[in-house]
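J.: Add chain B to chain A, keeping to what the hints say.
Residues per chain, in single letters:
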Amino acid sequence: MERARVLIAGLTVSLVVTIGLMAATAGTSPAPRPFGRPVGPAVPMDTGAGELLLAVVGGVYETRAEAEEANAAKPFGDVQGYYVVPVAQFQGFEQGAGEPGDFALVSVFRTEEGAQAFVELAAGFGYTATILPERVRSLGGLYAGLGQEENPDGSGPLMAPVAESLP
Amino acid sequence: MRKGPRTPHRLRWLAFGSLAVAIVPLIVAFHWSRLGWQDEHLNYPSPASGYTQIVNRFGQPCSADAHQISMKWRAADNGVTYSFSFHKKLGGKPTAMVSDKGGRSTLLDNDVYGHIQNQHLQPYVEHGIYGYACRAKRGSNNWSTHAFGIAIDVSSAEEYMGKCTSTVNVNHAQIWKSHGFHWGLSFCDPMHFQYATDY
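So the sequences go chain by chain: A and B. The numbers in my numbering rise by one with no breaks, and the one at position 75 of the first sequence is 75. The numbers in my numbering rise by one with no breaks, and the one at position 28 of the second sequence is 28.
Extracted from the complex, chain A is given alone in its bound form (with noise of 0.2 Å):
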């Protein structure tokens, strides 16, 4: 009968401590990640619709073939470097460079810092790339590189718009 009791006891015991602990740790909460929330492995194919936005140029071309055969000859290395797009997707592309039916060489960005960085990268493969004078207005389409640049508060890669690309 003691037996019993002893038995009874520790294992009462035992279960308390076990919950005891169990809502200790339960109760704490995760550590917040060092870098935010990951955004994902994807580029977000971001067209910037309505947004202004800057453009850098590497060539326009009256068929798309043509403009692709142009990309295809300019590789950055391993990663991307312009997209192929209608000219006619951007309101404002005229300065200078192309006209509605045309297909251009085009990298798309928010920031200055980021259409600068792209002019540089381009650069160092050689390559001319225009930044256009004014910003254009994106009307959708096709995916033209947008979001490939820093956030400027050195976070991650820059998802929204700012101030300047608002209309």
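Keep in mind that the hints are not guaranteed to be accurate.
[Stated by the list, open to error] Over 10 Å on every C-beta distance to chain A, these chain B residues come out as not near it, computed from the model:
(1) V55
(2) Q60
(3) S99
(4) Y124
(5) E126
(6) Y130
(7) D153
(8) A173
(9) M191
[Claimed, not checked] Quick list of the computed label-pair ranges, beta carbon to beta carbon:
(10) Q122/B - G40/A: 35 to 41 Å
(11) E94/A - G36/B: 17 to 23 Å
(12) E120/A - N141/B: 19 to 25 Å
(13) Q116/A - A20/B: 27 to 33 Å
Quick caveat, the hints were computed from the structure, so don't treat them as lab data. For each residue, glycine too, the CB sits at the ideal point set by N, CA and C.
T.: Relative to the frame of chain A, chain B by itself:
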């Protein structure tokens, strides 16, 4: 006149060999010390495997950390000096050869670069040397390891993407690999050395 026992031929070679074994490291050490370089091997991060580990270890793509450290490297074939940047965990720690750039380790700018110079493999570093770039992989929507500042392209014109053999970088690839880099030759990108696998 009494002749002493003749030294066996083999024993003489053994003595000569021992002497060589003792002297060669001294000569190599002297050579290195004259250049002021040694492999410090300080604070290397563990190479990451897969996207989640890359982010947990090196942060988001295109972050300020991803391009905090920069270095210059002269291409042997055309004489152009390339300046490129990379993640602060992959270099920038002060050594006899590298000034203090605020980095965490000696991996790239002291150790890998130093090995290539000291083993006289610089002639196999050809034009097209790149590091950090906030871009996606070519022909893909996924972030490139260059966007995390953990990839370096060397001899990119000769060792272009899509080539499944190596003619130049093969001469120093072992140095990169022994310092934790994964060589892109395995996915037909022989210019590319990245500090991560499975991505």
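J.: All hints are to be evaluated individually against the structure, with a verdict given for each.
T.: For each hint, the structure was consulted:
Against the 10 Å criterion, V55/B falls within the reach of chain A, whose nearest CB is about 4 Å from its own CB. Separation of Q60/B from chain A is inadequate, the least Cβ-Cβ distance of about 3 Å not exceeding the 10 Å criterion. Every CB of chain A is more than 10 Å from the CB of S99/B (nearest about 23 Å), matching its label as outside the interface. For Y124/B, the non-interface assignment is confirmed: its Cβ lies about 18 Å from the closest Cβ of chain A, beyond the 10 Å cut-off.
Against chain A, the non-interface label of E126/B holds: every CB pair exceeds 10 Å, the least being about 13 Å. Some Cβ of chain A comes within 10 Å of the Cβ of Y130/B; the nearest lies about 6 Å off, and the non-interface call is violated. With 10 Å as the threshold on Cβ separation, the claim that D153/B sits away from chain A is violated: the shortest Cβ distance comes to roughly 5 Å. Non-interface status of A173/B relative to chain A is upheld: no Cβ of that chain comes within 10 Å, the nearest being about 16 Å off.
Interface exclusion of M191/B from chain A breaks down, the closest Cβ pair being 7 Å apart, not more than 10 Å. Checking the proposed 35 to 41 Å range against Q122/B and G40/A shows it holds: the Cβ atoms sit about 39 Å from each other. Taken as a hint, the range 17 to 23 Å is violated for the pair E94/A and G36/B, whose Cβ atoms sit roughly 58 Å apart. A hinted range of 19 to 25 Å holds for the C-beta pair E120/A and N141/B, which are about 23 Å apart.
The beta-carbon spacing between Q116/A and A20/B, approximately 57 Å, falls outside the hinted interval of 27 to 33 Å.
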